[in-house]
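First to last, the sequence lines map onto chains X and D.
Position one of the first sequence corresponds to residue 1 (this note's numbering), numbered consecutively onward.
Position one of the second sequence corresponds to residue 1 (this note's numbering), numbered consecutively onward.
Just so you know, the hints here were simulated from the structure itself, not pulled from any lab data.
Any given hint might turn out to be false.
Copies of the same chain look alike in the list, so a pair counts if it works inside one copy or between any two.
Once the Cα atoms are required to be at most 30 Å apart in a straight line, the calculated DSS-like pairs of lysine-lysine come out as [stated by the list, open to error]:
(1) Lys54 - Lys181
(2) Lys158 - Lys37
(3) Lys37 - Lys128
(4) Lys206 - Lys40
(5) Lys128 - Lys35
(6) Lys181 - Lys128
(7) Lys86 - Lys54
(8) Lys54 - Lys222
(9) Lys172 - Lys158
(10) Lys40 - Lys128
(11) Lys158 - Lys181
(12) Lys54 - Lys93
(13) Lys35 - Lys181
(14) Lys86 - Lys128
(15) Lys83 - Lys93
(16) Lys13 - Lys222
(17) Lys181 - Lys222
(18) Lys13 - Lys37
(19) Lys181 - Lys13
Number of protein chains: 2
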Amino acid sequence: MENLMDRLIEKIKAYNNPTVIGVDTRYELVPECVKEKYSKDIYGMCNAMLEYSKALIDATYDIIPAVKLQSAYFEMYGVEGIKLYKEMIEYCKSKDMIVMADVKRGDIGSTSSGYSKAYLGKNLINEKEEAIFDVDFATVNPYMGSDCVNPFIEDCRKYDKGIFILVKTSNKSSGELQDLKTEDGEEIYKKVARLVNSWGEELIGKNGYSNVSAVVGATYPKQLEELRKLMPHSYFLIPGYGAQRRKSRRYSIRI
Amino acid sequence: MENLMDRLIEKIKAYNNPTVIGVDTRYELVPECVKEKYSKDIYGMCNAMLEYSKALIDATYDIIPAVKLQSAYFEMYGVEGIKLYKEMIEYCKSKDMIVMADVKRGDIGSTSSGYSKAYLGKNLINEKEEAIFDVDFATVNPYMGSDCVNPFIEDCRKYDKGIFILVKTSNKSSGELQDLKTEDGEEIYKKVARLVNSWGEELIGKNGYSNVSAVVGATYPKQLEELRKLMPHSYFLIPGYGAQRRKSRRYSIRI
C-alpha cells in the first residue's frame with residue numbers, strides 16, 4: 001500500500017533533492033527592509049516574521065520537497081507565535097510541501113495522545129473530528145518508551161502520518177546518555193534504533209520504508225552506517241548534513 | 001540565598017500540604033451545567049474549559065500550594081488552546097500559586113534556549129526583555145544531555161526559576177530505556193539522576209534544595225529511596241502519589 005513515505009520518496013525523486021528546509025522564526029534575523037514595514041510590538045514582529053518566512057518558502061518550495069518548522073522558535077513568541085506557527089504550516093501546505101513539526105514531544109500514554117491529536121491526529125471540535133495543526137510529520141522523544149510512542153503510531157496508521165524519533169542527536173553532549181554502553185556492550189542509541197525498527201514494522205509502504213522514521217545526527221558518520229543496518233525500513237532525518245545558514249537551516253532526509 | 005525552592009518549601013509548610021494539583025483541560029470532562037452556557041465551537045469550548053478550570057483553582061488554591069498545567073491538553077485545542085494555557089497560568093499566579101508548565105521540552109542548545117525563553121526566561125518584544133508564558137517551573141526531557149539542559153539552567157539562575165527533569169517516569173514502559181543497565185551495572189535512570197545532581201549543584205537555596213529538581217514516578221517505591229541518595233539536593237515531583245481523579249490529577253512534591 002502506498003504510504004506517506006512513498007509520497008515523500010516520489011517528491012524527492014521528482015525534485016532530485018533530499019533536502020529539508022528548516023524555517024526558524026527569529027526576529028533578529030529578519031532583514032531590516034522587511035522589519036521596517038511593521039510595528040515593533042508582538043503583532044508587527046510576527047507579521048514581519050510571517051512575510052520573511054513566506055518569502056523563504058516562495059524561493060524554495062519548487063526545489064525542496066519538505067519543510068521543518070521548529071516549534072521552540074514560535075513558542076518563544078507566545079500565543080502570537082503559535083498563531084504564526086499555524087499560519088506557516090498552512091502556507092507550506094498550500095505550496096504542496098511535506099511539513100514536519102519539529103516539536104520533540106513525548107509523555108505518558110494519555111498525554112502523548114493529546115500531543116498526537118494536536119499534530120497528527122484529530123480532536124473533537126464542535127462535535128466533529130477536526131485536524132488541529134495538521135502536519136505530515138512530528139518529531140518524538142523516546143525516553144519514556146513504547147506507551148509514549150504508541151499514540152503517535154496509532155495516528156500514523158489511522159491518518160497516514162509520520163514520526164521521526166530521536167535516536168542519535170547531532171549535538172555535542174548527545175553522548176552523555178545516548179552513547180552509554182549497556183551490559184551487552186551495545187549503546188543506548190542502538191537500543192533505541194531497535195525499538196524504532198520494531199515500532200515501524202507494520203507501517204511499511206510499497207518502497208519498503210515505514211512511516212516511523214529516525215533522527216540521526218550526521219556529526220557521527222560511522223554511527224549512520226551502523227544505524228542503517230539496525231533500521232533498514234526507516235528514513236533518516238539528518239541534522240547537520242548540508243549547508244547551515246543564518247535564517248534557514250537545511251536538513252537532509254536520506255534513504 | 002533564598003531561592004524558588006525555599007519559597008516552595010515555605011508554602012508547603014504553611015499549607016501543610018505537599019500536593020500539586022494537575023489541571024488537564026479536556027472538554028469531555030467539563031460538567032454539562034458549565035458546557036451549556038457556551039457555544040460548541042472552539043471559542044465556546046475554551047471558554048467552558050476556562051470557567052471550569054478556574055473553578056477548580058478557586059476550590060483548591062488556599063489548600064494546595066502548586067499547580068501543574070499539562071501542555072498537551074491545551075495544544076490539542078490549537079491556537080485557542082494556547083491562549084487558554086496563558087490565561088490559566090495568569091489566573092493561577094493571581095491566586096499566588098506556584099505554577100509548573102508540564103511541557104517536557106528539550107532540544108539542541110540554541111533551540112532549547114528558545115524553549116527556555118518561552119517558559120522561564122525572557123524574549124525581546126518591542127525592544128524590551130519580556131517574559132512570555134512566565135511560569136515558575138518547566139519539565140525537561142534529558143535525552144539530549146547537558147547542552148539541552150544548560151539553557152534552562154541559565155534561566156533558572158538568572159530569573160530564579162526551576163526545572164523538573166525526567167529521571168524515572170511513572171508509565172508502564174518507562175523501563176524500556178530508563179531501566180537498561182549500563183556496563184558498570186547501574187541503570188540509565190541512575191545515570192540521569194547523577195547528571196541532575198551535578199546540574200543542580202550551583203543553584204542550592206538556604207534549605208539545601210536546588211532549583212534543578214527531578215520527576216520520579218511513585219510506581220517504583222524502591223527506586224525512590226535509591227534516587228533520594230543520588231540526588232540529595234533535588235525535590236521530587238512524584239506523579240501517581242495521591243488520589244488520581246477524572247479531571248484533576250494530583251501529584252506530590254516531596255523532600
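Verification of the hints:
1. Lys54 - Lys181: neither (44 Å within a copy, 48 Å between copies)
2. Lys158 - Lys37: Intra 44 Å, inter 34 Å, cutoff 30 Å: neither.
3. Lys37 - Lys128: This pair counts as between: shortest inter-copy Cα distance 19 Å, intra-copy 40 Å.
4. Lys206 - Lys40: neither (50 Å within a copy, 42 Å between copies)
5. Lys128 - Lys35: Close across copies (16 Å), not inside one copy (40 Å); limit 30 Å.
6. Lys181 - Lys128: neither (48 Å within a copy, 46 Å between copies)
7. Lys86 - Lys54: So Lys86 and Lys54 pass the 30 Å test inside a copy (13 Å) and across (27 Å) alike.
8. Lys54 - Lys222: Answer is neither: 37 Å inside a copy and 53 Å across each miss the 30 Å cutoff.
9. Lys172 - Lys158: between (36 Å within a copy, 24 Å between copies)
10. Lys40 - Lys128: Classified as between; 10 Å across copies, 39 Å inside a copy.
11. Lys158 - Lys181: neither (36 Å within a copy, 35 Å between copies)
12. Lys54 - Lys93: within (12 Å within a copy, 37 Å between copies)
13. Lys35 - Lys181: The answer is neither: 49 Å in one copy and 53 Å across copies each exceed 30 Å.
14. Lys86 - Lys128: both (20 Å within a copy, 25 Å between copies)
15. Lys83 - Lys93: For Lys83 and Lys93, both the intra-copy (16 Å) and inter-copy (24 Å) Cα distances are at most 30 Å.
16. Lys13 - Lys222: Answer is within; shortest intra-copy Cα gap is 26 Å, inter-copy 54 Å.
17. Lys181 - Lys222: Answer is both; intra-copy 16 Å and inter-copy 24 Å each pass.
18. Lys13 - Lys37: neither (39 Å within a copy, 54 Å between copies)
19. Lys181 - Lys13: Cα proximity of Lys181 and Lys13: none, with 38 Å in one copy and 43 Å across.
Hints 1, 2, 4, 6, 8, 11, 13, 18, 19, counting from the list given before, are not met by this structure.
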